Amino acid sequence: MDDEDNDYEIERQKTILQNRLLLDSLGLDPNGSSKIPFARSTASVKPKPASKKRKAPPTSNVDEGPRRRSGRLAGLEADSETLKVKSEDEAKEREVLRVISRKEREKIMDVGKMIEDPEEGEIKGLEEYLPRITLFSNPRRYPKESDSTKDAYADFDPKTVSTEVARLRSAFKNMELKANAKVTEDRVFSMVVHPEKRKSLVFVGDKSGQLGIWDALGPPADIVKSEDDTSWVKQEQQEDELYEGRIWRIQAHARSAITAMKVNPVDGTGLFTSSYDCSLRHLDFMSLKSTELFAFQDENTLVTHFDLLPNGEEAWITDRYGGLTHCDFREGKNERRRFVVQDEGRAAKLGGISVNPLMPHLIVTAGNDQHLRLWDVRSLSSINPTSIPTPPPSAKLDGESIDTHLTGETSYEEVSKYMHSKKGQGLLRAGWQHGKSCSSAYWDPWGRRVLTTSYDDKLRVWSLQPSSLLLPTPLSPSHFQPSKQIPHNCQTGRWLTILRAQWSLNMDYMPHFTVGNMKRSLDVVAANGEKIAQLWNDVVTAVPAVTASHPRIVDHVVGGNTSGRVQLWGAGSA
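Each residue of the sequence shown is one higher than the one before, counting from 1 in my numbering.
None of these hints come from the bench; they were simulated from the model. Errors might be hidden in some of the hints.
[Unchecked claim] Derived DSS-like pairs: lysine-lysine, alpha-carbon spacing no greater than 25 Å straight-line: (1) Lys519 x Lys178; (2) Lys436 x Lys349; (3) Lys159 x Lys484; (4) Lys289 x Lys113; (5) Lys113 x Lys207; (6) Lys333 x Lys289; (7) Lys262 x Lys207; (8) Lys207 x Lys144; (9) Lys178 x Lys199; (10) Lys519 x Lys436; (11) Lys262 x Lys144.
It should be emphasised that the depicted structure is a prediction, and the values quoted were computed from it without experimental measurement.
Kindly generate the complete structure, drawing on both the sequences and the hints.
Written out as structure tokens, the structure reads:
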């Protein structure tokens, strides 16, 4: 038995070595990736007699990925906690392989090529569907300087407010679950609803760069059924109970979460998306092409959020290192300049940004350093760039080079120096510190209120008069205080997407917003803090951490959760 034991030990050591090589190729720690032993100890399991030795087949260079390992042979009980950990670790290893194998997104890509493993007719269906959205112009509605306080629902008379709250509450009466579908494969990270009033078209970005396109109330895709297939009976019964609509999935970004999305505000014919893969892209519904508009060369400078100017051809972008980047996509401009407005460190991250729809030179940012800041970006262009990055070799389209990287960068030291000079006093117009990290900040559609979400478990609303923002001087601290503070549990933890209360862009009713509730409901709240609706159903089994509203159908709101599932709510019949 001694020889047999030695042979077994040699084979076991070879197996261990092969496993280590596999883990090394995946960038995993062999000692920390799993706490599960692959087999019982040799003291408890008697090895079988070794048969005649066979030559091992030559190893292939193809990486087959982590294999499933038997929990029974490892001596694990079926319901043990250790077995659950083992399954989770194997799932993580498979996810690592999936991420590694995913191709980088090209500068310009056809939509059809971005669908992974398409089913028969899926590409054709999407290529026919998207251009139909462009048949009707859907410009975003913007406020005018001539709008009165009453027009903007900024009249603080108690009787007027009470009337408008009652009107809004009536619009959300008899709410019901209209549709419920798994739109993306991974956790929902961002959402936006297209303004086309004839549809409830929802764009959903997930944690892995996948973009789900969901026509929530549209007809489902036709499925060819065999004569022996009876599953359609059960499927039709389920469809009668709850509608799922039609879904397409495209790999819009490489590897990383889609952090924000905006429909083209000029006519609704395209979708802008940003991602932790450090890029900003535009999906054109007519040409069916996805184009990279901007990308950081440093892959660690994650794009955390962005917002568009009303012209749809300029954007402001925030990143994890405290940078504000202005991108101008207009022909002949070609400007992509970054300004570092917060000092280095973990607190430098800017997690949110919003452009004032009435005065686009005013933007607000939400920072990890707990601060909401109001900036007047007109004066940034007068600061000399600290450096002009050397761009990498550019891609080419029809013989023309395409460069999407920074054209200039200004350091924090230079920005700070300018801010403290007499000329730069109006750059930072106001600031306010939360109790903990500030997750998001958004202007309302009238440009008169700011809504923030913070880990200090408060939602806050600032009410600002446009007249107070006209002078290019800092606001008095007493004039930049929240008018409403609403208690709200924002402790999402590690596995939920951060809560971000979002204004509805509908301007036919008083300003109101949606936010996910840790009790698994979707809350609709008026600007004065009154709760309008709390939406929940037995079907909803997870927190709708990401929410959005239809810009033109006031009662249509959506919530997305960690499994990629999204629910559409709407008012039913009385």
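Now for the hints, and whether the structure bears them out:
A distance of roughly 20 Å separates the Cα atoms of Lys519 and Lys178; the hinted pair therefore holds under the 25 Å criterion. Taking the CA atoms of Lys436 and Lys349, the gap is near 13 Å; set against the 25 Å cutoff, the hint holds. For the hint pairing Lys159 with Lys484, the CA-to-CA distance comes to about 18 Å; that is within 25 Å, so the pair holds. A C-alpha spacing of about 10 Å is found between Lys289 and Lys113, which places the hinted pair at or below 25 Å, so the restraint holds.
Restraint check for Lys113 and Lys207: the C-alpha separation of about 20 Å stays at or below 25 Å, so the hint holds. A distance of roughly 22 Å separates the Cα atoms of Lys333 and Lys289; the hinted pair therefore holds under the 25 Å criterion. Restraint check: the Cα-Cα separation between Lys262 and Lys207 comes to about 17 Å, which is no more than 25 Å; the hinted pair holds. For the proposed pair Lys207 and Lys144, the alpha carbon gap of about 37 Å is over 25 Å, so the pair is violated.
Between Lys178 and Lys199, the direct Cα distance comes to roughly 13 Å. Compliance with the 25 Å bound is thereby established for this hinted pair. Using a Cα cut-off of 25 Å, the hinted pair Lys519 and Lys436 holds, with the two alpha carbons roughly 22 Å apart. Simply put, Lys262 and Lys144 have alpha-carbon atoms about 21 Å apart, close enough for the 25 Å limit, and the pair holds.
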